[in-house]
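> Given next are the chains, with one letter for each unit.
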Amino acid sequence: MTAINTEFGKELSKFGAFDFNACYNCGTCTAVCSLSTEEDSFPREMIRFSVLGLEDEIKCSLKPWLCYYCGECTTHCPQTAEPGELMMSLRRWLTSVYDWTGLSGLLYRSLPATITAMTLTALAVIAYAFYSNLELEKIMHTGHIFEMVAIASVFAVILLPNLIRMWYFIILKPGIRVPFKNYATGLLDLIVHMFTQKRTLGCDDSQVRWFEHLILVFGYLGLLFTTIFLDWFSSESTFIIVLGYVVSIIIFTVTVIFASERISKKRESTRKSQPSDWMFVAWLFMMGLSAFAVRLFIDLGILQSNIWLYLAHMIILVQWALVIVPFGKWTHFLYRSFAMYFDAIRKD
Amino acid sequence: MNKKLGVYICHCGGNISDYVDVEKVREAVRDEEGVCLAKTTMFACSDASQKEMIEDIRQNNLDGMVVASCSPKLHLVTFRAVSERAELNKYNYVHANIREQVSWAHSDDKAGATEKAIGIVKSAIAKVRLAEALNPIKIHSEKAVAVIGGGVAGLRAAIELSNMGSPVTLIEREHFVGGRVSQWDVMFTTNQTGKELVTRLYNDLISRDNVTLLTGAEVISNTGSIGDFTLKVKITPRYIRARCDEGYLQKAIDVCPVVVPDEFNFNITNRKAIYHNFPSEYPQYPVIDIKNCTRCGECEKVCGIIDFSQKEEIVEIRVGSVLMATGFDPYTPYPGEFGYHQFEEVITLPQFKRLTELNYKKLIYKGKEIKNIAYIYCVGSRQIEGEVHTVASADDLSKDTGSNQIEGENRYCSRYCCTSVIHTSIDAKRKFGNISNFHFTRGIRTYGKQELLYAESLRLGDIYLQSYENDPPLVYRENGRTHVKINDILTGRREISVTADLVVLVTGMVPRADNSVATLFKLPKGRDNFFNEIHMKLRPVETVIDGITICGACQGPKNITESMNSALSAATKTFSYVSKGEIELEPIIAEVDKELCKWCGECQKACPFDAVKMETSEGKEIAVINNSVCKGCGMCLPVCPVNAIDLIAFSDNEIESMINALVS
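Chains G and F, in that order, give the protein sequences.
Going by our numbering, the residue at position 100 of the first sequence is 100; the numbering climbs one at a time, nothing skipped.
Going by our numbering, the residue at position 496 of the second sequence is 496; the numbering climbs one at a time, nothing skipped.
Among these hints, one or two may not hold up.
[What the hints assert, rightly or not] Calculated pairs, DSSO-like style, for lysine-lysine (alpha carbon to alpha carbon, straight line, at most 30 Å): (1) G/Lys59 / F/Lys371; (2) F/Lys431 / G/Lys14; (3) F/Lys573 / G/Lys10; (4) G/Lys14 / F/Lys573; (5) F/Lys232 / F/Lys537.
Bear in mind the hints are in silico, worked out from the structure with no lab data behind them.
Since the structure is predicted, the reported quantities are computational estimates derived from the model, not experimental observations.
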């Protein structure tokens with residue numbers, strides 16, 4: 001038996017713009033959703049759970065991750081309750097639930113906290129630069145080392161434990177018995193969903209959205225690979241240099257499209273942007289642009305006289321790696337694909 | 001005298017003529033005795049045919065007419081009207097049904113159908129030969145009317161009747177008018193209080209010269225019939241002289257030692273044996289509740305206007321019509337129903353409405369402040385079939401769970417409760433703040449404009465849960481608190497619970513427990529035990545008892561708007577009975593042959609309308625038919641051992657001649 005907890009709505013409101021007092025349970029949202037199925041029906045059920053404050057039910061549910069936000073539900077909601085936005089809020093809330101540090105929740109809930117985190121990381125980089133007497137080579141070397149260390153440690157300390165927590169909520173706590181072999185057979189699903197987001201294709205809207213996102217994912221992974229493993233900034237290989245230029249151009253052009261969609265608010269999914277959404281797009285854009293500029297300045301031989309550019313790039317990089325990746329919107333990359341993985345292994 | 005008759009045989013497009021050879025029928029009856037005109041027609045009911053009939057009747061000086069066509073249910077009145085327009089008495093028209101009884105019934109046997117049609121038309125001709133011109137029975141009607149019940153419906157009807165010029169006697173059983181509405185505070189949609197509505201109606205009513213208001217008055221007998229009812233009314237005194245002085249009176253109330261539960265507040269408070277309901281009640285004289293008064297005399301010592309010498313009175317009034325507006329009772333849950341009378345936090349909607357009105361700033365019940373309120377809908381309404389629960393044993397009442405058996409006889413929806421409880425819950429939230437409302441519903445029925453309330457309630461964050469009729473919520477005690485749990489169908493039937501400081505049972509409307517007045521008038525009741533109208537759609541305020549109309553919630557659950565609609569409608573109908581000073585009734589009634597009748601009483605026993613009385617005429621006991629009550633049903637005819645009763649227009653002669661025509 002579950003007790004009603006109306007306080008939950010107030011908590012969840014900090015994660016998004018759902019209207020808790022509008023829904024009259026008609027179920028139109030579920031009826032129009034092209035991804036909702038008989039076994040996994042949403043969003044109405046999730047709205048109901050949220051309105052009644054059934055936290056435990058939501059915690060062990062994958063449904064928020066099964067939604068890819070085409071916004072049809074919001075378009076058709078007769079009460080303008082913004083069901084799509086509720087699913088979005090739940091994803092943000094779940095991210096904060098999975099995060100053992102609690103920092104995700106803090107950053108989602110509080111803009112001042114986010115600004116503080118961003119400022120502190122920027123100051124740390126500047127402090128380090130002065131500590132290194134503004135020697136570009138040393139700073140660039142540290143930057144490269146930092147990238148590798150940050151990726152490894154963020155994954156080991158934050159993301160892996162959070163994924164285990166997610167597994168605990170989804171599989172262990174509800175007492176679902178999953179045969180060991182499923183964990184192996186499901187890996188294919190994990191990889192496919194992680195790199196293709198193919199479930200988006202089931203959404204009713206135009207597939208341009210999926211394609212843009214796919215390009216961005218490959219651009220981002222490409223830039224990560226080029227800068228870290230191919231050491232783009234130090235590379236002499238024309239192929240690597242051109243590859244770096246291409247992927248960074250992809251990133252800042254696609255993010256401009258993304259941002260313009262958020263500004264024009266043409267799609268339901270981009271009408272109600274939270275600071276975390278803006279930050280994610282903005283930092284991706286700045287990362288692509290600054291990386292592009294740094295390499296350009298290197299090729300023009302003027303980076304040495306414009307060391308501020310590399311510092312700016314490094315600040316953006318550190319903020320990205322230490323704030324947005326572990327505690328911000330970046331995590332949806334992992335949780336979405338692991339959600340599909342857990343869904344696949346528990347169903348088999 | 002040989003009557004000149006006209007016969008018309010209708011094709012009904014092809015409905016008749018496809019199976020019945022109408023031409024053959026015409027030929028077969030053309031030469032019947034008296035028939036001077038026999039025609040076939042494509043549509044007898046068409047304007048052109050009707051005009052032709054009128055001309056035929058006038059030119060040929062016809063004395064009788066037969067139209068062989070559809071069922072008399074459809075067009076008897078049409079062709080009676082045709083004969084009247086041609087100055088032929090309408091009872092000289094006889095209808096022959098050759099569609100429902102012939103062409104439609106025998107579409108497989110055309111020859112047989114034609115033969116049967118010939119027989120039916122011939123028998124109609126036989127009947128019309130003997131038919132007599134008849135005139136409606138006219139009876140005198142009193143212009144005065146009585147309205148029984150002084151709630152808002154009765155008040156509104158009385159005002160309207162007075163407007164139209166009828167002297168009105170308004171009879172109210174309680175000592176104050178306004179009925180249930182005076183018990184409610186602010187109401188949707190006008191946001192006026194019940195007291196405001198009653199005040200407006202009362203002030204309008206009381207200024208009228210042609211209205212007599214009787215309070216504390218009860219009808220104890222009724223004789224007579226439409227146009228002339230004689231009612232005996234018993235009036236209980238207030239034991240207080242008019243023109244009372246408020247100050248002294250309050251002293252009298254203060255010193256009264258008798259304390260009884262206050263029914264006006266549905267027993268959540270107490271009152272004295274000398275009391276008034278609220279400061280501006282109407283009429284504005286308090287009452288001594290003589291049943292509970294101990295006659296200790298304390299009040300008399302402090303207040304001079306108390307008068308125990310007042311006596312019960314019986315007055316007799318004569319009226320032409322009676323309008324019933326006796327209202328409803330709120331459903332009282334059986335002990336144990338959802339914890340009623342079992343857990344002290346459980347009350348009914350009417351009690352809750354009084355509670356919200358009586359509290360200020362904080363909502364306090366039994367000394368505790370109320371924050372969480374659970375509302376359980378459809379208590380006593382929309383009950384399901386099964387064993388009816390009325391009492392719980394002391395054993396049951398000591399349990400930690402309330403009964404959630406909702407079997408009972410009230411299958412109907414009480415219609416007002418969803419709106420009322422949502423309005424009251426919003427009101428409580430606004431008035432006291434910091435209140436959380438949890439609605440345990442079986443589906444919300446805030447129809448029409450009332451839907452706005454539901455939307456508002458959602459906006460205010462009220463939580464709605466819903467269950468099926470076979471799985472009602474459960475009220476139970478745990479850890480010293482009262483909780484309500486439900487398998488919420490909006491949450492995939494998950495078991496959801498709420499801890500409630502107050503559980504409000506949303507009780508519906510039931511017929512008045514004491515409906516003895518209905519027995520006096522022999523008013524029929526429907527399956528739901530409310531009074532029944534003749535036709536739900538077409539005759540919504542008339543009853544089968546001529547001269548008696550019904551309106552308001554005595555007819556079935558209604559909100560105030562609907563009660564006003566029916567009150568105005570019933571007032572108009574009632575006025576139409578009495579407005580001309582005489583009433584026209586159908587002359588087709590039973591008739592007693594004074595010579596033959598030897599009064600055995602059999603006909604009186606057989607009469608369903610109480611129309612037969614024994615009278616002494618020329619030293620002989622005979623049966624006499626009350627013209628204004630007889631409906632011409634014919635029940636008395638076959639039971640008469642000496643065949644002294646005939647039914648006008650359906651006399652033995654007529655029927656026998658019809659049979660002869662059929663068999664010849």
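> Determine for every hint whether it applies to the structure shown.
Hints and how they fare:
The hinted pair formed by lysine 59 of chain G and lysine 371 of chain F meets the criterion: a straight-line CA distance of about 29 Å does not exceed 30 Å. Between lysine 431 of chain F and lysine 14 of chain G, the direct Cα distance comes to roughly 28 Å. Compliance with the 30 Å bound is thereby established for this hinted pair. About 57 Å separates the Cα atoms of lysine 573 of chain F and lysine 10 of chain G, which puts this hinted pair outside 30 Å; it is violated. Note on lysine 14 of chain G and lysine 573 of chain F: the hinted pairing is violated, with a Cα-Cα distance of about 62 Å set against a maximum of 30 Å.
This hinted pair does not check out: lysine 232 of chain F and lysine 537 of chain F have alpha carbons roughly 33 Å apart, beyond 30 Å.
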